[in-house]
Structure formats: structure tokens, C-alpha cells
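Spelled out from the first residue to the last, the chains are:
There are 2 protein chains.
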Amino acid sequence: MKLFALLLDRIIDRVNVNLRGLGFDVRLYVRVMAEYRYGGCSFACYGLSTYHPIHLQFNNSSLSGSYFLGRCKVRHSVLMRSDIRGDELKKKGQLWQIGDVSIPLYHDEIITIRNSFLDTTLVHSNSHSPESPEEFHIRNTVAMPYANIHGAPSEGSFIGTFGTIDLTTVHNCVIGHFAYIQAGEVRHEKFEPGTIFLRSPGSWEFHYQYDLAVLDKYIRHEEGEAPEGVFIDFAEPYEDAFAGLFASARQGHYPAGAGSFVSRYAVKRGDTTIGANVLVAQRSYLENAVISKGSNAQEKCYVINSVLGPCCVAAHGAKIVGARLEEKVFVGFNSFLRGTEEAPLTVGKDCIIMPHTIIDLEEPLHIPANRLVWGHIRNEADLATQTVDLDEFASGSGDVQIGHMCFRGDTGDFVRGFRERIEHILQENGAYWDGHDKDKGHAQNMKYLTFNIIQPYADGEAEGLYPTIDIRPIS
Amino acid sequence: MKLFALLLDRIIDRVNVNLRGLGFDVRLYVRVMAEYRYGGCSFACYGLSTYHPIHLQFNNSSLSGSYFLGRCKVRHSVLMRSDIRGDELKKKGQLWQIGDVSIPLYHDEIITIRNSFLDTTLVHSNSHSPESPEEFHIRNTVAMPYANIHGAPSEGSFIGTFGTIDLTTVHNCVIGHFAYIQAGEVRHEKFEPGTIFLRSPGSWEFHYQYDLAVLDKYIRHEEGEAPEGVFIDFAEPYEDAFAGLFASARQGHYPAGAGSFVSRYAVKRGDTTIGANVLVAQRSYLENAVISKGSNAQEKCYVINSVLGPCCVAAHGAKIVGARLEEKVFVGFNSFLRGTEEAPLTVGKDCIIMPHTIIDLEEPLHIPANRLVWGHIRNEADLATQTVDLDEFASGSGDVQIGHMCFRGDTGDFVRGFRERIEHILQENGAYWDGHDKDKGHAQNMKYLTFNIIQPYADGEAEGLYPTIDIRPIS
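Quick note, the sequences are listed as chains A and B, same order. If you use our numbering, the first sequence closes out at 763, no skipped numbers anywhere. If you use our numbering, the second sequence closes out at 763, no skipped numbers anywhere.
Be aware that a few hints might be false.
[Unchecked claim] Here are the simulated lysine to any residue pairs, SDA-like style, with alpha carbons at most 25 angstroms apart: (1) Lys-378(B) <-> Ala-746(A); (2) Lys-361(A) <-> Ala-746(B); (3) Lys-379(A) <-> Arg-709(A).
If you're looking for bench data, these hints aren't it; they were derived computationally from the structure.
Chain A with its partners taken away, still in its complex shape:
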């Protein structure tokens, strides 16, 4: 264990020197989580397929419980139960359009993770930084459990429990727990827990701040403690289902419609049915779930006693319990939707549930079609202050304040952009595949994925660390 302890120190030092300006110390966060989770699972897994250019390099790192796909270099890092999905990295030869700039790419893009500690974190999408189009880097960064690093190069930063950075380049920032940041670029900023902040520079800003009393109930994470709250209690009973997750490399089979991919590392229980063109990612949990054609259930999402209509998106970390979603409902990162038998939830078609939304019902509730939904909703009355009709919203002008949500700028651009993004997600996932190669998405391309299981040293100084590993295409 000696090298593992040295590695933790190295990471802590590197991150702290970046965050000294904000007066933030990651030491106890890292120490507690390393101790709390280390040893639970020693297996890591990488996927291999001809559809995803591969280059994996692991050096002086601990990777246990983590999953890798595509091109990724990890050096001097600890990745615990994290998903590093390089299946949306940009390709060599591509002309990358960002805003009105187009950048030709000379290499296949690669995810690089260095001097970082990621616990139960999702890394996905690709670098949205024009300065670094071929490298999606995560350097000197600490991410706490259930964080999402989505298309967000990060340097010298801390991302709290259930925090998300999305399509944003992040330098020397502290992202509080359950904060969601999608802002193009942020530097030297501290975002309070429960901040929901989206910004399209020059066009619009969306801001919502959770009441800390509400937030504390769902998720709190003090320095030197493990995270606590409803979100943690919710996941707890399902932990066993994922124990030793990557111990086997055997290809599983779960009945599903044509063009679907159901990860053998997802849990499928009870009366669960899966339609065509569906993606069920590793580490997702389905119990008595109906997943209709073209929908997807992404990493660390839970769908329990629920129906997802056609082309719904359950984004990374979304929890959907006791709910019926009509067509093309989008449920954003880490959202928590909980109906019960007595108080079921239905969501009308084309609704957009913002990332990090909490819908935790005390009475039956129907959310009408075509709503934008955010905040904390328990009953019918909350709909007035935490939802808005998307068409009405898009056609408005000027700044909008609804409840604690504050919007400035071009509402039409915001709604159009969000709708486009949902279409893009559905396309990427293969929701519209009709048997032709050109419409293939993740659900179809993963058909020929094979799994590879790697383990760390089990004793001695290097216990918990992996040997140096380099995997490339055949040469």
C-alpha cells in the first residue's frame, strides 16, 4: 500500500496548489473517500471494438471498479468505480465546427487523466475547448462520488459529490456538491452547492440556486465526512447488485429489441422489457422497467417501477422511480424523480427535465407535455414556480424570473439549443437506426464489444496499483 499512499499525497498536493487561491483543501475529501471505498472491488474493465479507435495507457495508477472505452491515458491517478467513455471522441480528419470556427483535426482525440482522483465519476463526450480539440484533459482534479465530467476539460479543480461540469472548460474551480455548471469556460470560481448555472456567452444565462435546507436533506458532504442524504440512502440498497461488477468478461444476453445494446454490466431485475434501438449502459439499474424504442438509460441511472416512452433520455446518474414518461422526455444528469404507488408521477411528451432536478412526490402529479422543469417539486402547486411551457418560454423576450429561477437573454436560442442537443444525444445513441450504417449509434456499434478485465497488484508495496499497461491497435 506504500505506493498507493504516496500517490494520494501526490494528487492532493497537485490539486491543492491549484486551489490555494480559493482557500480550498481537498486532502480530507480524498482521504475519506479513498478509505471509504478502497478494497470494495479490485476489477477494472476496458471495452474493445473495431468501432472505437483504441489507445489505453495506464501508469502508476489505481483503476479499480472503473470502465474504459476508446482512447485514454491515465497517469499518477486514482480512479475508483469511474466510467471513462471515449466513444464520442473526435476523429482524425474531421473538421470540427465550434461556433463559427472550424478546426481540422490531425489526430484522434484522447482523454488524458493526470494527477487526479475520480470517485464514481463519469467522463464522457469530448473536449469542447477550441484550444485543445484533440485532447480532453483532466489534470490535477479531484471529483467526488457521482460527479459528471461531460465534455469538460478540467485543470486544478474540485468537483463535489453529484456535481456536474458539462461542455465547460474548468480551471482552478471548486464546484460544490450537486452543482451543475455548463458555461463554456470558468476560471478561479467557487460554485456553491446546489448551484444550477448554464450560460451561452453572448446569448443567455440560466440560474437556479437550491435552498440549502432542501439540499441538505438530499445531499450534504462535509469536509472529513462521507456524503449523506436521501441520494446516498437511495443508492445504498442497490450497492450489492454491483459488487465485483467487472469480475467476469463473459458477454451477457438480455432480451431486447433489434438494434439495442444492453450492457452485461447493467443490472436488470423484475419484469423489465427493452425495446428496439435502446442503449442500456454499464452500471445502470433497471427494475420493473419498460424502456421503449429509441430510449437510453445511461451510466449510473436507475429506472425502477417506471415506463420510459419512445426516445426518452435518462442521462448519466438520473433516477426515475414510480414514473411514467411519455415520448421524448429528457431527464438530465443526476436528476431525481420519485413517485410512489400512492403518489405516481407522469410526465407529458417533449418535457425537458433540467439536470439536477428533484421531483419527490407527496401527491400524484402529472407534468403537462412540453414543459421545462427544474428545481424541487413535490406537488401540483410547485409546477407554477418550477416549470414553464417551452413554447411560451421560447417566444418570450427579455429576462425571466420564475420562482427562484432567473433567466437572462434569448429564451428562443436556449430552447432551440436544448432541443438540438437532445436530438444529437438520441442520434449518437442510435435511437433512429433503421438498419443502415449511416444511422448507427452507440446502441448498434457496441454489438461487437468485447470486455477485458484487469486487476492491480494484490500485495506488497504496489498493492492496489496497476502495472504499466499500454494497449494499441494491431501494428
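Starting from the known structure of chain A, fit chain B onto it as the hints suggest.
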């Protein structure tokens, strides 16, 4: 599959050019076995531990069903269900004594396999070639099912089904099926099927040739056909037990005495008990077996309805059925011992069953203690022509002919050497461990082994081939 087909062609061409002098063509042997077995199992496995220096390099190769431990480079090769065990490779800094020469070693030894096709082959021990002390190479070589390449660097050669090359450097040779060669060095020779040939240059020669009519019953392998016979029929019913052998990396646990290692990739069935300091290697099969203290059951051996007394050796590929072995009985490579309930076999202490011996009983038989045993034994009468008391043999002088066995030279040296080798095997395997580090052997050192499962591409041109993989110590 295109690259796999090209790879087979490459290997065939390279081997054939080496064997053109002997007029031998490996093409149909390779083609038939590649077709016969390919696809049965896609998983390969490598062990990782701090006790075995690691360096694995795989390039343009197919490895399915194979197991690797230690330092090994594989290039342009097909390894199917083969065991590449680098746990007896020589270490850097060691002074290697061979005969009266001592050679200082500047590197950890490595197994290199290039342009070769190995089907269900065991590679073990280390290079016994003074010219190549740090590299145990297997180049341009084809080995058929159940071959053993034991401490035997090989170049441009063919090793037939159940053939063994042992402590011998082999250049441009054809080793017929079930031939056993231990001869220091052989060049441009063709050894007929069923040849048992041991030679200590300048000291002695042991020669036995199986009657081809007998051999055909047990094992025959015609060009363009799959191998057939009792040995193949014997293994057939157990194939299922090994299907998808390396699919899981989970550490198994089988009750055994202190200091024992029971591979989770061995099959343990029925009422099987395992004493202390025992090594049960991967791919061995135990059913209603008693394995007493200090004994070992090596790769591809079967111990069924049998008792191994203390410090017995069931060498690679040995089959022991319906037999009771007293203390320190050695059963050599690929030997076949079959008693039945009506015709049980007992073997007295200190017996040496030569490699490639067939004992297939038609009546109950007791082999007295301290015998050297070879050839084909069915009953009491056969003992006279195919066994000899070891002390009597050792004290004799001049050439000896017993039945079809012909011995020339120093019998005392032969017996002494064999006994020393058995002691060495027991020590290496950890049979004498008493809790101190210095007596540790394989059985003890494998305690902290972790398993890693790798797979080939599952579709496209590279189907069946592995990506380029390089695994080294942490740097």
C-alpha cells in the same frame, strides 16, 4: 478474419521453409487445428503478482484460451489454449550454472514466441541453452495439441500431438506425436511418433520406441485430420468443464491445507481433498482425488478416483485414474495411468514413471516401490520387461536392454540425475515449505496472484486477433 488468415499463412510459410530439408509440410496440420478449435473460447488470461517479474508484449497475435505468467513477448503467433508459464525464468544477477560453466545473467529471462502456432501447448521452465541464457525462444514453430515445450528453446520445428521437448534446444526438427525428447540439443532430425529418447551427452542414452500398433490405439494424427485415439476420447467428456475457462477473473477459494495454491482455473469435483503445500495448476482436473501434502497436479493433468501420497508429482499432461500412489511417486509428462474399480492400480513409493508411459490395466496391479517404469503396461507380466528396480539399475554397469528399452552408459548417473530433478521439482513447487520465506515455492508464491482477462476483436478484419498489448512494472 482476414488478418487471422494472413497470420496463419505467415506462420506456415516460416515454419515450412525451416523444415523443407526434412520434406515436412505443416500447412494441413495448422489449418485443421485452427479450424477445429477456433472460436471455442475467446478469453485469454495473465497472472499478475509481485513475485513474478512481469513484462508481457503481444503483437499481431491470437491468444484465445491461453494463460500467461511472468515475462513473455508474443509476435505474429497463434496461441490456442496454451499455458505460457514464466515462473521459473532465470533472474537478473543470478549466476547460472550449466554443467561446469557458470554464466552471469544481466537481464531477467524472457520467453519470446514468434511466427509460431501453439495449440493446447505447455511452455514452462527456462532456457537450458548456454547460448541463450536470458531468452527462452520459440520461433517458427508449430506445436500440436497437448505438446510440452519444457525448458526447450525451439526454432523452425514441428512438435506433434502429445509430443514433448524437454531441456533440449531444438533446431529444424520434426517431433512425431507422443514422442518425448530430452537430449541437450537436436538439429535437422525427424523423431518418429512414440519415440522416447533421453540423452546426457557423454554419459548415457535411454531409448524406447512404442509399437506403432499400440500407439495408434492411444493416439494417431494424420496430416489433414484431427488427432484421434484413447487419449483424445479420454479428454473429450471433460471439455465442457473447461469451456469459457478464463471468462471470470474472480479469485476462487477451494479448501486446502496451509501453503497450498489451488488454481481457480482448475476443475475440482466430487470428493476431492487437498493437503498442505500442494500446487494445483490451472487447467488441471481433479475428481474424487486425494492430493496429499507436498504433491502437485500440473497443467492439463487429470487425477480421477485416485490418491496421490505425499510429495508426488503429476507432471504436465499426466492422467491418473483409479490409482493409489504412495509417497514421492513421480508421474512424467503426458503419462496415462488408468486403473478401474475391478482392476485398480497401486504404485509403491519412490517409483519413477517415465514421461509418456502408458499403464492401462486389464487386471489389478501393484507396482513395487522404487521402480523405474516405462512403455505400455497392462498386467503383472508386463512389469518384467517395462520396469526395473532403481537401485539395481543404478548399480549395474554397461549397456542394458530390457524389453524394447535400450540403455547405454552410466545408469548410476541417470538415476541420480532423475532423483535430483524430482527433488528440484518438489522444491520449486513449494512442497517442503515450513513457513519460512526461503523455502517458498510456486504453491506459496501464487497466493497473491491476480487474474486479468483479455479478449480479441470480435468482428471486422481483425476478428480473433488481439490488439497490441504491453504490460510492464510500474515506472
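Comparing the hints with the structure gives:
1. Taken as a hint, the Lys-378(B) and Ala-746(A) pair is honoured in the structure, with Cα atoms around 23 angstroms apart against an allowance of 25 angstroms.
2. Using a Cα cut-off of 25 angstroms, the hinted pair Lys-361(A) and Ala-746(B) holds, with the two alpha carbons roughly 24 angstroms apart.
3. Using a Cα cut-off of 25 angstroms, the hinted pair Lys-379(A) and Arg-709(A) holds, with the two alpha carbons roughly 20 angstroms apart.
The earlier numbered hints are all upheld by this structure, with none contradicted.
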